[in-house]
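**Q** Protein chains in written order, with the working numbering: chain X, 1 to 297; chain R, 1 to 293.
One thing to keep in mind: the hints can contain errors.
Restraint-style ranges between C-beta atoms, simulated for each label pair [as the list claims (entries may be wrong)]:
| no. | chain 1 | residue 1 | chain 2 | residue 2 | range |
| --- | --- | --- | --- | --- | --- |
| 1 | R | Q18 | X | G85 | 47 to 57 angstroms |
| 2 | R | N251 | X | Y164 | 15 to 25 angstroms |
| 3 | R | V54 | X | V153 | 49 to 59 angstroms |
| 4 | R | L185 | X | L213 | 38 to 48 angstroms |
| 5 | X | T112 | R | I156 | 40 to 50 angstroms |
| 6 | X | E296 | R | K179 | 26 to 36 angstroms |
| 7 | R | L122 | X | K67 | 30 to 40 angstroms |
| 8 | X | K89 | R | F115 | 16 to 26 angstroms |
| 9 | X | Q46 | R | S67 | 56 to 66 angstroms |
| 10 | R | A188 | X | K20 | 12 to 22 angstroms |
Quick partial rundown of chain X residues pointing at chain R, CB under 7 angstroms, derived from the structure [unchecked claim]:
| no. | residue |
| --- | --- |
| 11 | L29 |
| 12 | P31 |
| 13 | P43 |
| 14 | P49 |
| 15 | S130 |
| 16 | L180 |
| 17 | R246 |
| 18 | A261 |
Since the hints were made in silico from the structure, they are not lab data.
The beta carbon of each residue, even a glycine, is placed where N, CA and C say it ideally should be.
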Amino acid sequence: MRQMSAKTNRSRSVSRLTKKIHIGNIMFLLPTFILFTFVVLAPFIQGIPYSFTNWKSIVSTNYSFNKLANYEYLLKNKYFLMSLGVTFKFTILFILSSNIMGFFLALLLRQTSRFNNFSRTVFFLPFTVSVTAAAIVWSYVFTDIYGTITGLVSPLGLESQIVYAMVIIASWRDMGYTMLIYIAAMQTIPKDFYEAASIEGANAFQQFRRITLPMIVPAFTANITITLAWGLRTFDLPMVVSTTKRAGQTTAVYVYQSIFANNNAGLGQAAAIILTIILVVLTQIVSYTLRRIEVEL
Amino acid sequence: MYNYLKRKFSYSHKSAGQRYFALKEIIRTLSTLLLICIVLLPFYVAILYAFKPVYEISANRLAFTQSPTLINFYEVIFENKQFISGFKNTVLNTIPTVLILVVTTSMSSWVLARFNTRFYSLMYSIMTVGLLIPFQCYILPLYVNFFKLGLVSNNIGFIIARSGLQISISLVAVTGFVKTVPRELEEASSIDGCSRFATFWKIVFPLMTPINITQLVLNTVFVWNDYSTAIILLRSKESQTLTLAQITYFNENTTLLNHAFAFFILAMFPILVLYLSLQKYIVSGITAGAVKG
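Let's have the full structure, built from the sequences with the hints guiding it.
**A** This is how it looks when you write it as structure tokens:
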């Protein structure tokens, strides 16, 4: 009997202790959680009903619900579909070029030496420059250098080439990032693997195919997923270089223009929801597929 | 190829393999140098124009000037109101934002890394969902809320918004780091009767120094260069940060190219110095974040 009560006493004090820990933990989580809810979570939830309204100017709060009208309008709207097309074209080219360039640079610079470290510093440098400054300086590279050498018009000035110009600027900025991740992955491969392979008589290509490639697949997954997300949400670059050109307008810019410039807040919000759904679905599919490939290799 | 050649020549011409190897190194170095030149081209253009005297700009654009001058920089620093207020705003926004992020995310990450019951993993998933949702999805409600509270076009609003937006990314990185820190020290201190608060600030926080420096540096780069948040929340000319000010200035003074480029260089200069002096932290922060997914 006495034993029993001692036991319950102890368990009660333990539960009091865990409760105290729990409250302590919540105090530690609270500042972050409040900040995050205030800036991201609450606005995100709040925004969903806005996409079903005919809200026009953000200055007024005068609006009424119009069911799915915004979505129906958008799926038939030429400019919205065009912006989706631009976004996809940009994203695909951007994923390819930033990853191919980053991978190539990583192959060149994977060994640690003073020259290679210096080169890595240089290739990552553009990532620390603001997109806005980069875009404006690049517009002068296109007119003054590219234009002088080839005698052609700057691609930023042509509707047909503006996406390619944007891909060049974006890849210039981000290939240093993908490069760093590929190098980090390559450096985790033990040197013995290559030594063993070359003793066995495997040539450079076989070593690359059988050792390097399978070992760095996780880096491919990371890089492709992140460049996909960056590409789909591209906003600052087209905002600077192609506000006046539809051919360079991504969906993110379409959203901004609808809400803040064209007084079509409800419509812009619906476009943003469509963009979010596309982004979430695509990144999930891509990372799931890449993880499966990882397992198979 | 290399092995093929090595085997073929290894007995008769012993140096051929070595010669091939040296050739490979030369090609490698040359192609790296070529790529470095291409990557640095925009920097060259910016520096070239910024150091040219105004009267020389139209003639012979690409040649480096005979009389480089610092007058453009002087005029931007001392006479350009947009630069002065933009610089002030950027500094006043960046410093509190990165400090808030270090304090909040390190506290939460410690709890999220140490406890993994359902409640805590749910909290972690909620707070990192920001990685998936594009910013455009909540600019309208964010703007409307901030407008009602008088947080539009001022530094405080920007600081709150920018730190909230950065939480998801920081949280993933810091939580990943805390999981690698051994628990023994904190357990010992809690047995010694330290409160949780004291344990955190005296024991855990110092152990997190490497990741906190990384976060400070990386977040400084991101917040300094921020454009998307600034263009939505900072709608008056007085509250503009450098990224916005340089575009407005550029669009208003397309003829004063030299000043515009001097402006760009001055705006990126602090970050450039930060990057070159603390590169190690930037590189480790980026690779650690990616390897963990």
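**Q** Could you run down the list of hints and mark each one as holding or not?
**A** Structure-based check of all given hints:
{"no.": "1", "hint": "R:Q18 x X:G85: 47 to 57 angstroms", "in the structure": "54 angstroms, holds"}
{"no.": "2", "hint": "R:N251 x X:Y164: 15 to 25 angstroms", "in the structure": "24 angstroms, holds"}
{"no.": "3", "hint": "R:V54 x X:V153: 49 to 59 angstroms", "in the structure": "26 angstroms, violated"}
{"no.": "4", "hint": "R:L185 x X:L213: 38 to 48 angstroms", "in the structure": "41 angstroms, holds"}
{"no.": "5", "hint": "X:T112 x R:I156: 40 to 50 angstroms", "in the structure": "45 angstroms, holds"}
{"no.": "6", "hint": "X:E296 x R:K179: 26 to 36 angstroms", "in the structure": "28 angstroms, holds"}
{"no.": "7", "hint": "R:L122 x X:K67: 30 to 40 angstroms", "in the structure": "33 angstroms, holds"}
{"no.": "8", "hint": "X:K89 x R:F115: 16 to 26 angstroms", "in the structure": "45 angstroms, violated"}
{"no.": "9", "hint": "X:Q46 x R:S67: 56 to 66 angstroms", "in the structure": "58 angstroms, holds"}
{"no.": "10", "hint": "R:A188 x X:K20: 12 to 22 angstroms", "in the structure": "19 angstroms, holds"}
{"no.": "11", "hint": "L29", "in the structure": "5 angstroms, holds"}
{"no.": "12", "hint": "P31", "in the structure": "5 angstroms, holds"}
{"no.": "13", "hint": "P43", "in the structure": "4 angstroms, holds"}
{"no.": "14", "hint": "P49", "in the structure": "10 angstroms, violated"}
{"no.": "15", "hint": "S130", "in the structure": "4 angstroms, holds"}
{"no.": "16", "hint": "L180", "in the structure": "6 angstroms, holds"}
{"no.": "17", "hint": "R246", "in the structure": "18 angstroms, violated"}
{"no.": "18", "hint": "A261", "in the structure": "11 angstroms, violated"}
Hints 3, 8, 14, 17, 18 from the list above are not met by this structure, while the remaining hints are.
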